[in-house]
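**Student:** Residue-level listing of the chains:
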Amino acid sequence: MEVNVNIFVFVKRVPDTESKIRIEHETNSIVEEGLNFVLSPYDEFAVEEALQIREAKGGKVTVVSVGSDEATAVLKKCLAMGADEAVLIKDNAPELYDGLRIAKIIAQAMKSKFPDYNLLLFGKQSVGADNALVPSMVAALLDLPQINVVTKLEVEENSVVAHREIEGAYEKVIVSLPAVISAQKGLNEPRYETLKGIMMAKRKEIPVLTLQELGLDEEELAPKLELVKLESPPPRHAGRVVEDEPEVAAKKLVEFLRQEAKVV
Amino acid sequence: MIIVYMEVRDGKVKKSSLEVLSEAKRRASELNQEIVAVCVGHGLGALAPEVIQYGAKRIIILDNPLLSNYSPSGYAFVLTELCGELAPQGIFFAATSLGRDLAPRLAAKLGVSLASDCIQTAVKDGRLEVKRPIFAGKALATFRFKSSPVIVSLRPNVFALDTPGDEQGEVEKKEISVPEDRVQDRVSEILKEEGAELDVTEAEIVVSGGRGMKGPENFDLLRELTRILPHSALGASRSAVDAGWIDHQHQVGQTGKTVSPNLYMAFGISGAIQHLAGMSSSKVIVAVNKDADAPILKVADFGVVGDLFQVIPPLKEELKKVLSE
Numbered sequence: 001m002e003v004n005v006n007i008f009v010f011v012k013r014v015p016d017t018e019s020k021i022r023i024e025h026e027t028n029s030i031v032e033e034g035l036n037f038v039l040s041p042y043d044e045f046a047v048e049e050a051l052q053i054r055e056a057k058g059g060k061v062t063v064v065s066v067g068s069d070e071a072t073a074v075l076k077k078c079l080a081m082g083a084d085e086a087v088l089i090k091d092n093a094p095e096l097y098d099g100l101r102i103a104k105i106i107a108q109a110m111k112s113k114f115p116d117y118n119l120l121l122f123g124k125q126s127v128g129a130d131n132a133l134v135p136s137m138v139a140a141l142l143d144l145p146q147i148n149v150v151t152k153l154e155v156e157e158n159s160v161v162a163h164r165e166i167e168g169a170y171e172k173v174i175v176s177l178p179a180v181i182s183a184q185k186g187l188n189e190p191r192y193e194t195l196k197g198i199m200m201a202k203r204k205e206i207p208v209l210t211l212q213e214l215g216l217d218e219e220e221l222a223p224k225l226e227l228v229k230l231e232s233p234p235p236r237h238a239g240r241v242v243e244d245e246p247e248v249a250a251k252k253l254v255e256f257l258r259q260e261a262k263v264v
Numbered sequence: 265m266i267i268v269y270m271e272v273r274d275g276k277v278k279k280s281s282l283e284v285l286s287e288a289k290r291r292a293s294e295l296n297q298e299i300v301a302v303c304v305g306h307g308l309g310a311l312a313p314e315v316i317q318y319g320a321k322r323i324i325i326l327d328n329p330l331l332s333n334y335s336p337s338g339y340a341f342v343l344t345e346l347c348g349e350l351a352p353q354g355i356f357f358a359a360t361s362l363g364r365d366l367a368p369r370l371a372a373k374l375g376v377s378l379a380s381d382c383i384q385t386a387v388k389d390g391r392l393e394v395k396r397p398i399f400a401g402k403a404l405a406t407f408r409f410k411s412s413p414v415i416v417s418l419r420p421n422v423f424a425l426d427t428p429g430d431e432q433g434e435v436e437k438k439e440i441s442v443p444e445d446r447v448q449d450r451v452s453e454i455l456k457e458e459g460a461e462l463d464v465t466e467a468e469i470v471v472s473g474g475r476g477m478k479g480p481e482n483f484d485l486l487r488e489l490t491r492i493l494p495h496s497a498l499g500a501s502r503s504a505v506d507a508g509w510i511d512h513q514h515q516v517g518q519t520g521k522t523v524s525p526n527l528y529m530a531f532g533i534s535g536a537i538q539h540l541a542g543m544s545s546s547k548v549i550v551a552v553n554k555d556a557d558a559p560i561l562k563v564a565d566f567g568v569v570g571d572l573f574q575v576i577p578p579l580k581e582e583l584k585k586v587l588s589e
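Heads up: the sequence lines are chains D and C, in that order.
Take the first sequence: its letters are residues 1 to 264, numbered as in the working numbering.
Take the second sequence: its letters are residues 265 to 589, numbered as in the working numbering.
Source of the hints: derived by calculation from the structure; they are not laboratory data.
Hints may contain errors.
Stated by the list, open to error - Restricting the straight-line Cα-Cα distance to at most 20 Å, the calculated cross-link-like pairs of lysine to aspartate or glutamate (EDC-like) are:
1) Lys521/C <-> Glu18/D
2) Lys580/C <-> Asp16/D
3) Lys251/D <-> Glu581/C
4) Lys252/D <-> Glu589/C
5) Lys585/C <-> Glu18/D
6) Lys547/C <-> Glu260/D
7) Lys252/D <-> Glu461/C
8) Lys521/C <-> Glu260/D
9) Lys229/D <-> Glu466/C
10) Lys580/C <-> Glu243/D
11) Lys276/C <-> Glu167/D
12) Lys152/D <-> Asp511/C
13) Lys580/C <-> Glu260/D
14) Lys373/C <-> Glu220/D
15) Lys584/C <-> Glu255/D
The model shown is predicted, which means the values in this text are computed figures rather than measured ones.
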């Protein structure tokens, strides 16, 4: 059934999960030098889902990133995976882990530039800020239904059915479109870019929108959180290591748990 | 006034909400604020005595049949109305799947931001300050708030639970009206896995397996340990999940869940950096690994170098023995 879904996927550039995070204390930020930046892993599931929906139902996939020029690289990756269009909303503000700013920018962009959307797809959280704020906040600002942490999604003509992961179970939710959905691992297997896709993405122009063009001013976007301090977690030290016969090792381990650590 | 959102599942108040209530009380007394516990749903009156025992002097139950099942838009709607009426200075949630879904929706409706999944709260110079992990715990960030109300969600299993006492409190049941079109995303059904176990984020003990488990069938060995150990859950490393041996619900690490149990037991997990990030804040870590150079042994309080398939059977017997004492 052809339903032509107009899908927007919101993506972020983040350090890959193998990265060691170092802190620059003077600026209260992480040291970016030497980090390998990638498309945030949960966003990859969102892009893949959008492509699968387009393939099954028809429609269009537009990927959007809010950030500096460097975010172009992750938009190119999404184009190479098969997205139709990409848009960069330029925002050079330092990372303050304040999702409201990003949510306001996205909501305003949708209202003023892309009002005929059907489905807004996100990763369930960015890898890094780990906040999981933006999808719910965008849904609130646009007054849309939301289903977060989704592992199964079916799009019908005017509605979607989703399974949302909760503790030890799934919630089945049916909402009408337009809607906000955020992707969890397990939703699908993201595809690799094809050589043809990479070549096409290379040539494709990525339009840039500024906050002024969206009619946003800094006062409206002023941070609501103040980042007081960044620090490394207290280091853990290696404890005792035993290399005995299994029965002896098991006995020592249980003694440790029972008498020293007192956790069983 | 500080509102504490009390989450109800299967007709019971969640332990993580009682932990949040305990922590909110500690901060509220420093800030000279009263605590109001708020439940949303339908027909929840019977829960009040337990919430009172944990020290809530005032409980408000927002009741409407349309709210019998969770709906982020519907719940955020009634909480926004309540905040308009009460003008709270703070709202505390548990960082459960519901709390992490609902709190940001409410925050955006109130025009404020929030700090998710906090692991520490404090009052400094009369203001609330919170600490939360970023990069799944590879770094910690401390925040203050520039707007009111202050909204936070607190990680389950981190904050001390008060002892219930013989307390008094008043219960206010508000039959609140909700336009039907404000409930846009109501849960229609809860699908439970057959024999579903406790979730890793809520367990006191996590028994986790990695590539060293060698195959899906061997996770039964770990399941047996979780049946022996009270309040324990089954975890897994990314490689075990990506190999298809176990559902991703169980994954601990940077693209899985970040956990802080009292005890984390790692079997056949080498300790990739993205895994260590997700479990390093566990109170006690033990590991069984055949490789003496495995990174997991650098963070474990107690490590066994050996074959997990030979260690688990006697370990099971020893645990049974001491737990029956």
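**Student:** Decide, hint by hint, whether the structure agrees.
**Tutor:** Hint check results:
no. : hint                  : result
1   : Lys521/C <-> Glu18/D  : holds (16 Å)
2   : Lys580/C <-> Asp16/D  : violated (38 Å)
3   : Lys251/D <-> Glu581/C : holds (9 Å)
4   : Lys252/D <-> Glu589/C : holds (17 Å)
5   : Lys585/C <-> Glu18/D  : violated (40 Å)
6   : Lys547/C <-> Glu260/D : holds (13 Å)
7   : Lys252/D <-> Glu461/C : violated (28 Å)
8   : Lys521/C <-> Glu260/D : violated (28 Å)
9   : Lys229/D <-> Glu466/C : violated (28 Å)
10  : Lys580/C <-> Glu243/D : holds (18 Å)
11  : Lys276/C <-> Glu167/D : holds (14 Å)
12  : Lys152/D <-> Asp511/C : holds (14 Å)
13  : Lys580/C <-> Glu260/D : holds (19 Å)
14  : Lys373/C <-> Glu220/D : holds (15 Å)
15  : Lys584/C <-> Glu255/D : holds (13 Å)
Consistency note: the structure conflicts with the earlier hints numbered 2, 5, 7, 8 and 9.
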